[in-house]
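As you go down the protein sequences, you meet chains X and R in turn.
Mapping to UniProt numbering: the first sequence position 58 is 58, numbers consecutive.
Mapping to UniProt numbering: the second sequence position 295 is 295, numbers consecutive.
Hints were generated in silico from the structure; no laboratory data involved.
Possibly wrong hints are sitting among the right ones.
Capping the alpha-carbon separation at 30 Å, the derived lysine-lysine pairs in DSBU-like fashion look like this [said to hold, decoys possible]: (1) Lys8(R) <-> Lys123(X); (2) Lys304(X) <-> Lys195(X); (3) Lys8(R) <-> Lys195(X); (4) Lys123(X) <-> Lys290(R); (5) Lys20(X) <-> Lys176(R); (6) Lys164(R) <-> Lys20(X).
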Amino acid sequence: MRVQNNETIRVQSSKSRVEKHHIEDLIGRSYMSLCVLLLIVSIVSMVYFVTSRGVSTFTIDKVGFSDFFFGTTWSPEGDHPSFGALPFIAGSFITTLLAALIASPLSICAALFMTEIVPGWGKKLLQPVIELLSGIPSVVYGFVGLSVIVPFLRNVFPGQGIGVAAGALVLSVMILPTITSVAVDALSALPRNLKESSFALGATRWQTIARVIIPTTLPAIMTGVVLGMARAFGEALAVQMVIGNAPFIPTSLFESASTLTSVITLGMGNTTMGSPHNNALWSMALVLMLMTFLFVFIVRMLEKRRSI
Amino acid sequence: MKAKTADKIATYVIVTLALLIVAVLAGLLGYILFRGVSHISWDFLTSAPRKIRVGGGIGPQLFNSLFLLVLTLLITVPLGIGAGIYMAEYARPGRITGFIRLVVEVLSSFPSIVVGLFGLLLIVNIFGLGFSLVSGALALTVFNLPLMVRITEQAFRSVPSQQKEAGFALGLSKWKIVTTVLFPVALPAIITGTILSAGRVFGEAAALMFTAGMSSPRLDFGNWNPLSPSSPLNPFRPAETLAVHIWKINSEGLAPDAVEIAAGASAVLVITVLIFNLVARYFGRLIYRKLTASRRMN
Numbered sequence: 001m002r003v004q005n006n007e008t009i010r011v012q013s014s015k016s017r018v019e020k021h022h023i024e025d026l027i028g029r030s031y032m033s034l035c036v037l038l039l040i041v042s043i044v045s046m047v048y049f050v051t052s053r054g055v056s057t058f059t060i061d062k063v064g065f066s067d068f069f070f071g072t073t074w075s076p077e078g079d080h081p082s083f084g085a086l087p088f089i090a091g092s093f094i095t096t097l098l099a100a101l102i103a104s105p106l107s108i109c110a111a112l113f114m115t116e117i118v119p120g121w122g123k124k125l126l127q128p129v130i131e132l133l134s135g136i137p138s139v140v141y142g143f144v145g146l147s148v149i150v151p152f153l154r155n156v157f158p159g160q161g162i163g164v165a166a167g168a169l170v171l172s173v174m175i176l177p178t179i180t181s182v183a184v185d186a187l188s189a190l191p192r193n194l195k196e197s198s199f200a201l202g203a204t205r206w207q208t209i210a211r212v213i214i215p216t217t218l219p220a221i222m223t224g225v226v227l228g229m230a231r232a233f234g235e236a237l238a239v240q241m242v243i244g245n246a247p248f249i250p251t252s253l254f255e256s257a258s259t260l261t262s263v264i265t266l267g268m269g270n271t272t273m274g275s276p277h278n279n280a281l282w283s284m285a286l287v288l289m290l291m292t293f294l295f296v297f298i299v300r301m302l303e304k305r306r307s308i
Numbered sequence: 001m002k003a004k005t006a007d008k009i010a011t012y013v014i015v016t017l018a019l020l021i022v023a024v025l026a027g028l029l030g031y032i033l034f035r036g037v038s039h040i041s042w043d044f045l046t047s048a049p050r051k052i053r054v055g056g057g058i059g060p061q062l063f064n065s066l067f068l069l070v071l072t073l074l075i076t077v078p079l080g081i082g083a084g085i086y087m088a089e090y091a092r093p094g095r096i097t098g099f100i101r102l103v104v105e106v107l108s109s110f111p112s113i114v115v116g117l118f119g120l121l122l123i124v125n126i127f128g129l130g131f132s133l134v135s136g137a138l139a140l141t142v143f144n145l146p147l148m149v150r151i152t153e154q155a156f157r158s159v160p161s162q163q164k165e166a167g168f169a170l171g172l173s174k175w176k177i178v179t180t181v182l183f184p185v186a187l188p189a190i191i192t193g194t195i196l197s198a199g200r201v202f203g204e205a206a207a208l209m210f211t212a213g214m215s216s217p218r219l220d221f222g223n224w225n226p227l228s229p230s231s232p233l234n235p236f237r238p239a240e241t242l243a244v245h246i247w248k249i250n251s252e253g254l255a256p257d258a259v260e261i262a263a264g265a266s267a268v269l270v271i272t273v274l275i276f277n278l279v280a281r282y283f284g285r286l287i288y289r290k291l292t293a294s295r296r297m298n
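With these hints in hand, go ahead and build the complete structure from the sequences.
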């Protein structure tokens with residue numbers, strides 16, 4: 001009788017433990033689902049709202065598609081308002097490409113320095129440098145650009161100093177850490193035997209780097225470059241401070257220009273919601289968003305190539 | 001012989017360019033601190049800015065930045081950890097997981113100004129929160145959440161799987177294992193990552209211009225009633241942060257000493273970020289040793 005009692009108690013307690021497990025798991029799962037759901041809701045609503053405002057330039061204000069993307073005259077408040085955004089689109093692309101051209105070789109050299117040339121103290125020296133560079137806020141980059149790079153360019157080159165070159169220089173320092181850290185990861189993930197067999201064949205270090213290491217890791221390094229370009233394309237304040245903000249397509253490096261982000265930064269506060277000017281700014285935000293999708297897509301393609 | 005010369009030249013070029021980056025950082029930090037530190041004083045850190053006269057400070061802006069940081073972390077940390085745990089421990093490879101991964105990736109590479117505009121439209125106008133600390137914190141949440149998810153996921157993934165298996169062998173529920181076995185081990189990495197991300201939030205400006213606003217009301221630091229409009233603790237008041245302030249005085253500063261103020265404020269911002277970096281490292285090590293009884297420095 002007593003034995004049986006004990007048995008039932010044991011069965012009951014194990015049953016309640018199972019139930020407790022289920023409840024715990026349920027609470028945990030529903031909490032996590034809520035968090036994940038919030039992530040998805042935030043991006044869906046973001047895409048929805050930016051798109052719905054961004055297309056109103058074309059649907060409500062009846063601005064032609066080609067007038068917006070290929071028009072070169074930007075005078076949203078004039079008697080005959082025209083919304084040519086090409087100067088800003090061009091400005092964004094020019095500064096981004098220039099910044100990538102300056103930053104990529106520097107970053108790749110830094111990564112090679114840390115992994116191939118002096119892996120010991122090279123990493124100890126450069127790792128904190130890269131972390132600090134990525135930690136410095138963008139307005140501080142803008143401030144330094146405005147008070148160091150702009151006067152320097154003004155003294156050495158023709159023009160006012162503010163302009164495309166200043167913007168690209170500031171951006172290149174800002175994207176250095178992004179490219180470098182991705183490149184370092186790629187280089188240190190390279191199998192050792194690849195390098196060793198190259199050395200065993202009598203190749204010098206440079207031959208190994210140029211013919212074996214770089215070609216093998218190129219897709220990964222390109223991922224870093226694209227991530228850096230995505231950052232440069234979306235950067236707003238630092239560029240706005242040094243680029244001069246003139247609504248023209250620049251014809252020289254030392255000429256003042258604008259980017260999509262700088263026009264939005266300056267214009268959004270001074271226009272009323274729903275006006276054609278304001279809608280045109282939202283269309284530019286939409287372009288920025290679509291470019292982000294494009295960059296993410298390119299990164300994914302590169303990563304796929306890497307895994308093969 | 002020729003290959004050896006090429007090797008030598010290439011090595012020199014690589015070393016030179018790598019050292020150039022070190023020089024750029026040294027120059028940057030040196031310039032910011034050299035220009036700015038002489039301007040930092042207790043008065044500068046606590047007094048309110050002046051529009052057109054000499055001698056304004058950054059007191060309210062500094063307070064706003066720190067307060068906004070606390071608000072943002074209060075929202076993002078629990079949410080980010082939840083979603084991160086899901087990604088690390090529960091998500092099975094498949095369409096839905098792939099989609100969530102894509103969402104995190106896209107969200108983290110969104111330009112911060114687009115996040116700011118989204119905040120302006122949805123939080124400030126449609127939700128009617130106005131230019132306020134809460135709006136700013138919510139916009140920064142969108143901005144910071146993917147980062148927190150990644151940090152948590154990486155931290156959980158780096159926990160050795162034996163720990164989990166031991167938990168299962170003891171018959172614990174999965175959630176129990178996550179909270180009592182894996183979480184303590186992952187905590188140091190999460191804390192380090194959170195402090196580092198806090199540094200980034202502290203310097204963020206573009207997302208805040210259109211959400212937290214570009215002005216700060218007259219604050220009465222003796223008034224601790226969170227509902228009064230002049231109280232610094234009121235989360236529904238507009239709040240210009242330090243980074244936004246730097247941008248504003250650089251582009252439209254009217255005070256005669258605007259450049260000095262910008263230099264001083266930049267130095268404060270950079271020093272704060274440096275402190276965040278150092279604290280993150282220190283805390284990570286400290287907690288790692290406390291929680292895992294390990295002497296490994298990592």
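Would you pick out the hints that fail for this structure and give their numbers low to high? Of the numbered hints given earlier, the structure breaks none, since each of them holds.
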